[in-house]
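A.B. asks: Listed below are the residues making up each chain.
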Amino acid sequence: MKYVDAGYVVALSVLFSYSVSLVVRRRRLERTAGRVDRDAR
Amino acid sequence: MSRPAGAGWSPRVLAIVGAGALVSVAATVWLGLWVTPPDRTQGNLVRLVYLHPPVAWVSLYLAFGLAALSSLLYLWKRTRSLFWDRLAAASVEVGVVFTALTLATGTLWGRPTWGVWWTWDARLTSTALLLVLFLGYLALRRVPADPEVRAKRCAVAALVAFVDVPIVHFSVVWWQTLHQGATVLNANLSPTIHGSMAWTLLLGFVAMTLLFVWMVALRYRIEVLSDRVGEEALEVTLAERWAEDDSPPPADAPSVPVPSGRPT
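Residue numbers (the working numbering), protein chains in the order written: chain A, 1 to 41; chain H, 1001 to 1264.
None of these hints come from the bench; they were simulated from the model. Accuracy of the hints is not assured; some may be wrong.
To be verified - Pairwise CB distance ranges, derived in the manner of DEER restraints:
{"no.": "1", "chain 1": "A", "residue 1": "Val-23", "chain 2": "H", "residue 2": "Arg-1153", "range": "28 to 36 Å"}
{"no.": "2", "chain 1": "A", "residue 1": "Arg-28", "chain 2": "H", "residue 2": "Thr-1237", "range": "13 to 21 Å"}
{"no.": "3", "chain 1": "A", "residue 1": "Arg-28", "chain 2": "H", "residue 2": "Arg-1111", "range": "33 to 41 Å"}
{"no.": "4", "chain 1": "H", "residue 1": "Glu-1231", "chain 2": "A", "residue 2": "Val-20", "range": "26 to 34 Å"}
{"no.": "5", "chain 1": "A", "residue 1": "Asp-39", "chain 2": "H", "residue 2": "Val-1163", "range": "41 to 49 Å"}
Don't be surprised by glycine CBs; every beta carbon is placed ideally from N, CA and C.
Here chain H stands alone, though its shape is the one from the complex (with noise of 0.2 Å):
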């Protein structure tokens, strides 16, 4: 059977990456919370590290990062499409959701381990801009416009809310904050992790990874059908208003002066 052009992935695909990512959760789960030993120093707390760093690579890294690549290349001319508008927007909504993971997750973990449930420390203010930016992008999405006007403004919106993406990684590095270092991705490029514990946040990263995956396919083709439909209602619309105008008015009608040939 054939499909519609930028449908997106085949749903025979789509269902095994879906699959994937949910037995990979479900063995980060179990390895996070049953296998793996506690912590010298955090004790049972250090199992949130199997899902805060995995959530917070999904949002910063690869939802925002795909976002701006995918506006950068709708900007440059050569690459203009709306598939990369549409991927974009997809990742973002994704992203958002990630994020707010990111800070609910952190947050838990803050408050036994520092004794607070928030504080003004670089990383985790930059985070919440972060999410306060995208969660702007989307709203701007929704800003009634032309489809290549909407594409132009959010691709601009979405590079410049990239922007509080390298703040938040160097944070750490470049401000004293509450937050630890990056226990992967540090200067070294040595992870400060070893064992079952490393392997179980590992499979976290894939886990988390297939999920984004499969749920920026998911909103992609929801973003595909929403303009179908979007604009074949206006066509449809638009053809019966055209329909009415052609017919002869009622007796009673009032004169009123009728534009001459149709809206383009």
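With the rest of the complex left out, here is chain A (with noise of 0.2 Å):
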């Protein structure tokens, strides 16, 4: 079983990572694109 635990643990951590990078990235660009919104305005 060692294999098939290994394969299990190894796509869902990378699934989990990448997901989590995407929404931190978003919530990043998003406060970004609103402080340059004010500081065109």
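Mind docking these for me? Both chains are given alone in their own frames, and the hints should help you get the complex.
C.D. replies: This is the structure:
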């Protein structure tokens, strides 16, 4: 089972990490866009 | 509340798709690891079938298929829009993650089955080449250029890279390979898997598809925001520069000829 477990751990960890990175990147950019909008005005 | 054009899906739809992906992935893992029976030939190793083919399905057909279609629609003058370019970019990035996972889960299945971590088998080699080609696409996107120029060159690159997708698909038919033939999308379209194993595999496909849709929607939004931030930051910087140019020079400034007119 160790190869099966490793496969699931690797896949789920990568998918989870990438999902979190997407959410963080979007939030950061939304904040930056808001700041740039205010500066432009 | 109104939302800016090109912002992508509403947060509510995104949350529903994300929740659906989370639940279906959790159900696939539970069924795949604890409920379905071991295989007569492969034993417990067969449990990787609920993970590896669904991940490969997303990378090969959904992600790079969508990227190629979007690129084609961008290149076609009647449908040309930066929407297609951004969609292709989002799809390729997600596809690269799924392709890397396809290779990782494949190698973890290959080691106990074939006795090696890697072999220069046609399916494995063409998949690795696919990963390299689309990494090249992502590198090309980072080359500074006018958005229209970048979109056009990336669309061409995506279509060139997509040529490898049918090669990956048919590699197990065209060449003698260690990799087994298709379990579901075979020539007769008759799946060689049945019962709870088939249902769990189907759920795995649904789960990974939902996850892909959620990730692409989120990544598309990031693409829109980074373009907007880049453009607005450039405008603010230029406005500041012009304001500096208009102000009188300091008394000790050297006499340097100033170009007339502002850059367009």
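A.B. asks: Confirm or reject the claim that Asp-39/A and Val-1163/H have a C-beta distance inside 41 to 49 Å.
C.D. replies: Since the Cβ atoms of Asp-39/A and Val-1163/H sit about 45 Å apart, the hinted range of 41 to 49 Å holds.
A.B. asks: Can the suggested window of 26 to 34 Å be confirmed for the beta-carbon pair Glu-1231/H and Val-20/A?
C.D. replies: Since Glu-1231/H and Val-20/A have Cβ atoms about 27 Å apart, the given range 26 to 34 Å holds.
A.B. asks: Within 13 to 21 Å or not, the Cβ separation of Arg-28/A and Thr-1237/H?
C.D. replies: holds, 20 Å
A.B. asks: Assuming the hint says 33 to 41 Å, is it satisfied by the Cβ distance from Arg-28/A to Arg-1111/H or not?
C.D. replies: Since the Cβ atoms of Arg-28/A and Arg-1111/H sit about 39 Å apart, the hinted range of 33 to 41 Å holds.
A.B. asks: Is it true that the C-beta distance of Val-23/A to Arg-1153/H lies inside 28 to 36 Å, as the hint says?
C.D. replies: holds, 30 Å
The earlier numbered hints are all upheld by this structure, with none contradicted.
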